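**Q** Sequence:
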Amino acid sequence: MTLFKKWLATAIFSIFAQSVGAQEISQIDLASRYYLALYAGDHETVRSLASSDMTFEDPSAPAEFGLPAKIDDLNTFLEFMKSSLPVGVEIEITNSFASNDLVVLNVATQGTVPASYFEMGEGSVSYSVAGVSVLSIENGLVVRHTDYFDYPGLTESLKPVN
73 MTLFKKWLAT
83 AIFSIFAQSV
93 GAQEISQIDL
103 ASRYYLALYA
113 GDHETVRSLA
123 SSDMTFEDPS
133 APAEFGLPAK
143 IDDLNTFLEF
153 MKSSLPVGVE
163 IEITNSFASN
173 DLVVLNVATQ
183 GTVPASYFEM
193 GEGSVSYSVA
203 GVSVLSIENG
213 LVVRHTDYFD
223 YPGLTESLKP
233 VN
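Converting from the sequence shown to the working numbering requires adding 72 to each position, the first position being numbered 1.
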C-alpha cells in the first residue's frame, strides 16, 4: 500500500470515528439533560434518558416532608414528581463531576409556591434550597437517582410573599 493510500485510509477512519463519537454524549451531559428535563416536567425526555426500572431515593428527607423512602420504577417516580413538584420551580446545576459510573450534580432550587404547600396557611411563600444529586449511569441510562437536600435550610428559607 502506498503512503498516500495509507494516509487516505487513516483520514477516512479518523473522520468516521469522530462522527460516531460526536453522537455520544458525556455522562455529565446526559445527567444534566435528565435532571433539567425532570424538573421541567418533560417526562418524554426523562424516559429517553432513564431506565424503566430505575431507583429513586432521598435518604436526607425528613419524614414530615412526606417523601417515599425509595421508588423502584420510572413510571411511579414520574407520577410522584408530577403530583409533588411545585409549578415554576427554578433549578440551576451549579457544579458537576463524573467518577466511574456516577455523576454528581450540585444543584440550587428556588421558587414561589402557595403557602399551603408547606402547610403555612394562606398566600404564597418563596423558598430556596441547595442539594446534591448522585446519578448512576449504566449503558447510557440513569439507573439510580439519589438526592441529598438541605431540608433545614429549606425550612429556614421560607418567606411570605406579599
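Hints listed in this document are in silico derivations from the structure and should not be mistaken for laboratory results. A quick note: this is a predicted structure, and the numbers were derived from the prediction, not measured. Every residue gets a Cβ at the ideal spot worked out from N, C-alpha and C, and that includes glycine. Some hints could be false.
Just the calculated beta-carbon pair ranges, DEER-fashion [claimed, not checked]:
(1) L157 x G195: 17 to 25 Å
(2) D144 x G212: 32 to 40 Å
(3) F190 x K154: 28 to 36 Å
(4) I97 x E191: 14 to 22 Å
(5) D144 x D173: 35 to 43 Å
(6) D173 x S132: 18 to 26 Å
(7) S98 x S196: 32 to 40 Å
**Q** Does the Cβ-Cβ separation between I97 and E191 fall within 14 to 22 Å?
**A** Distance hint for I97, E191 is violated at roughly 41 Å.
**Q** Measuring from beta carbon to beta carbon, are F190 and K154 in 28 to 36 Å?
**A** violated, 19 Å
**Q** Do the Cβ positions of D173 and S132 conform to the proposed distance bound of 18 to 26 Å?
**A** This hint holds: roughly 22 Å between Cβ atoms.
**Q** Between S98 and S196, is the Cβ distance one that fits in 32 to 40 Å?
**A** holds, 38 Å
**Q** For D144 and G212, compare the CB-CB distance with the range 32 to 40 Å and indicate the outcome.
**A** Given about 20 Å between the Cβ atoms, the range is violated.
**Q** For L157 and G195, compare the CB-CB distance with the range 17 to 25 Å and indicate the outcome.
**A** holds, 20 Å
**Q** Between D144 and D173, is the Cβ distance one that fits in 35 to 43 Å?
**A** violated, 19 Å
The structure fails to meet hints 2, 3, 4, 5 from the earlier list, while all remaining hints are met.
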